[in-house]
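Enquirer: The lines below spell out each chain.
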Amino acid sequence: MLLTRKLGLIAAFALWTLLLAVVLGSPVLALAAVPVALYLAFVMIGPQPHRNVTATRLLPPGQVYEGDRATVILRVKNEGPRVDFEMIDGVPPEISVSEGSNHVFAVLGEGECRDFAYTFSPEAFGTYGFGPIKIRSTDAASARYEEIVSEAYDSLRVYPEIEYLGRMEFRQTRPRNWPGETSVRRPGQGLEFYGIGEHHSGDPLRRVNWRASARAGRLMLNQFMNEAGGETVVVLDLRSTSRIGTPPNTCADYSVRAAAALSHRLLRDRNRVGLLSVGQSIIKVPPGFGRRQFEKILVGLISTKVSVDAWNLELVPYYLSLFYSRMVQLVLISPLVDNSPMYMVSELARRGYEVLVISPSPLEMDTPEKGDPRAIRIAKELATLERDMKISSLRRHARVIDWNPKLPLVDSFEGLRESWRVRRLG
Amino acid sequence: MASEKARLDLVFPVRLLGIIAFVLLSTFVYLAAMQEGLAGVFLLGILFGYGALLGGIIIRRPDAEVLGWLILGTTLLAAEAKSAAASYWLTMCTAIAVVVFADFQHSVALLNPRSSREAVDNQQQSARRQLLRRRASVLGGAGGGSLVLSLVGVNLSPPLVLSGAATAIVGILAVAAMVLVALVVLKAGQRNRTS
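If you read the protein sequences in the order shown, they are chains L and R.
Under my numbering, think of the first position of the first sequence as 1, with each following residue one higher.
Under my numbering, think of the first position of the second sequence as 1, with each following residue one higher.
Bear in mind the hints are in silico, worked out from the structure with no lab data behind them.
Misleading hints may appear alongside valid ones.
Claimed, not checked - Listed below are several chain L residues computed to face chain R (Cβ distance under 10 Å; list not exhaustive):
id, residue
1, T4
2, R5
3, S26
4, P27
5, P35
6, Y39
7, G46
8, S101
9, V107
10, Y118
11, A143
12, Y153
13, S155
14, L156
Yeah, the Cβ is synthetic: ideal placement off N, Cα and C, and Gly gets one too.
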């Protein structure tokens with residue numbers, strides 16, 4: 001049990017009064033110390049604070065995405081006599097509590113258990129660390145206290161907001177053998193008409209084209225195009241060059257959101273999707289199907305930190321060619337600030353990979369403009385020119401989406417429609 | 001808006017009351033000191049008291065506000081001791097009033113939502129008000145009880161006259177005890193970050 005500093009100050013006041021009485025030679029002043037000393041004795045009377053208070057934290061169940069409302073519950077149980085207590089839950093500095101409170105004062109009766117909740121809306125994705133929970137139980141006059149630190153450390157994963165890509169013009173150029181959503185020019189079980197072929201034993205009779213059969217003199221049936229899935233690896237450029245703009249809306253943040261949205265859509269269309277994220281460390285998620293794969297990708301996305309470059313993007317083609325065949329479609333998401341992505345894409349194209357580049361434009365980021373407005377204007381024009389040159393140079397090797405992150409990603413895919421059509425006809 | 005209103009409910013009537021009491025008391029000390037012709041000396045004590053109180057409010061340290069009250073109390077007691085109208089019951093009442101005010105100011109500052117760096121909602125504010133009322137009754141009871149006991153005890157006790165040597169011994173003991181208390185306070189302060 002500890003004494004509060006306030007109590008020490010009052011005791012010092014009593015002694016100081018006594019000393020002053022001696023110095024001034026005033027017995028009247030010496031008597032003033034008496035009620036103060038009695039006051040100290042009075043506030044010490046009563047039940048003592050104790051350490052039998054426990055606290056646990058309950059994080060929101062399920063997945064939390066950017067902008068969601070998340071509620072944390074602090075459950076406090078008093079296993080001793082009635083106590084006044086103060087409790088502070090350590091929340092990360094990036095989080096601002098919108099409802100409830102993480103700093104609680106309350107009185108708990110004997111054996112009482114109570115929940116205190118607070119709500120916040122995380123503005124950025126990432127992993128947030130909570131804890132510890134500090135509890136201070138005091139007596140009724142706040143003269144004595146016990147401090148309890150509950151080592152309850154938890155981390156909450158906040159996933160990037162996922163844009164729904166409903167009518168995205170993205171096609172697997174190299175479909176594989178499993179069912180998917182990409183129409184392939186060979187007969188199969190799809191919905192799009194392919195042609196008329198001969199009936200073989202075991203073919204369903206409801207597909208028989210009776211008019212064509214009458215003309216041919218044997219049974220003919222309607223054939224439909226096959227719909228197959230493909231394999232895609234999303235390569236994310238999260239090097240320090242991506243840190244343009246103001247958090248939580250930097251180029252890197254937009255890249256992560258685009259990767260999440262694209263992975264979500266591709267997995268929903270029964271494709272195998274993998275991730276290769278290059279930042280402070282390299283995060284690899286091998287291709288796979290389904291909801292669990294999507295969760296793995298999301299965890300990979302929020303785990304990569306944008307930092308001083310530890311990995312060279314130019315080495316990625318060598319790595320990819322070691323692990324993935326050329327049947328894999330690659331999607332590079334990069335703001336194309338330096339020349340490394342250019343080299344990477346040309347090298348991948350040379351090795352026979354099909355690459356799609358999605359580039360969130362760094363020119364659209366909100367950056368503070370300080371200095372001569374004319375110089376800023378010229379700098380912007382030069383940067384635009386340089387970016388245009390890079391994109392037209394890249395288009396020799398890959399399809400490129402120049403994405404303004406302020407606009408929905410799905411709109412940027414519109415420009416690709418013709419590109420897919422030309423390639424398909426070719 | 002509702003939250004802000006509830007916050008003001010707690011802040012203004014109680015907190016402002018403490019500050020107004022402090023200002024009135026310090027003005028009284030100054031006026032009393034002027035009558036004794038010692039305004040200069042006591043002004044320094046008042047200014048120290050104000051410095052500690054305002055510093056405590058600004059840096060959100062309730063302990064500093066308590067210190068401000070106690071400095072003012074010491075100055076007031078010294079002024080009373082120098083006054084021709086000094087009496088033991090007046091100094092006793094003054095000392096206990098100062099201590100109760102200081103302690104209450106501490107509770108108000110501690111439970112005040114504005115002194116909290118963390119978010120405080122309406123439910124918490126009502127819980128804090130409830131706690132403040134409880135503390136006020138405990139402190140009032142302790143202050144009243146100690147004052148009554150002291151007055152009764154002094155009235156019943158025989159007159160005590162100390163010799164010069166005894167006075168010196170009391171002085172030395174008081175200084176030693178003060179050093180001891182200062183050490184305890186410092187140690188408590190290292191462990192105690194918020195109250």
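Enquirer: Hints first: check each against the structure and report whether it holds.
Expert: Against the structure, the hints:
1. T4: Holds, because the Cβ-Cβ distance from T4/L to chain R comes to roughly 5 Å (cut-off 10 Å).
2. R5: Hint holds; R5/L Cβ to chain R Cβ min 5 Å, cut 10 Å.
3. S26: Holds. Min distance 4 Å.
4. P27: holds (8 Å)
5. P35: holds (4 Å)
6. Y39: holds (4 Å)
7. G46: This hint holds: G46/L lies near chain R, its Cβ roughly 8 Å from the closest one there, short of 10 Å.
8. S101: holds (5 Å)
9. V107: Holds, because the Cβ-Cβ distance from V107/L to chain R comes to roughly 7 Å (cut-off 10 Å).
10. Y118: holds (7 Å)
11. A143: holds (9 Å)
12. Y153: violated (18 Å)
13. S155: violated (20 Å)
14. L156: violated (17 Å)
In this structure, the hints that do not hold are numbers 12, 13 and 14, in rising order.
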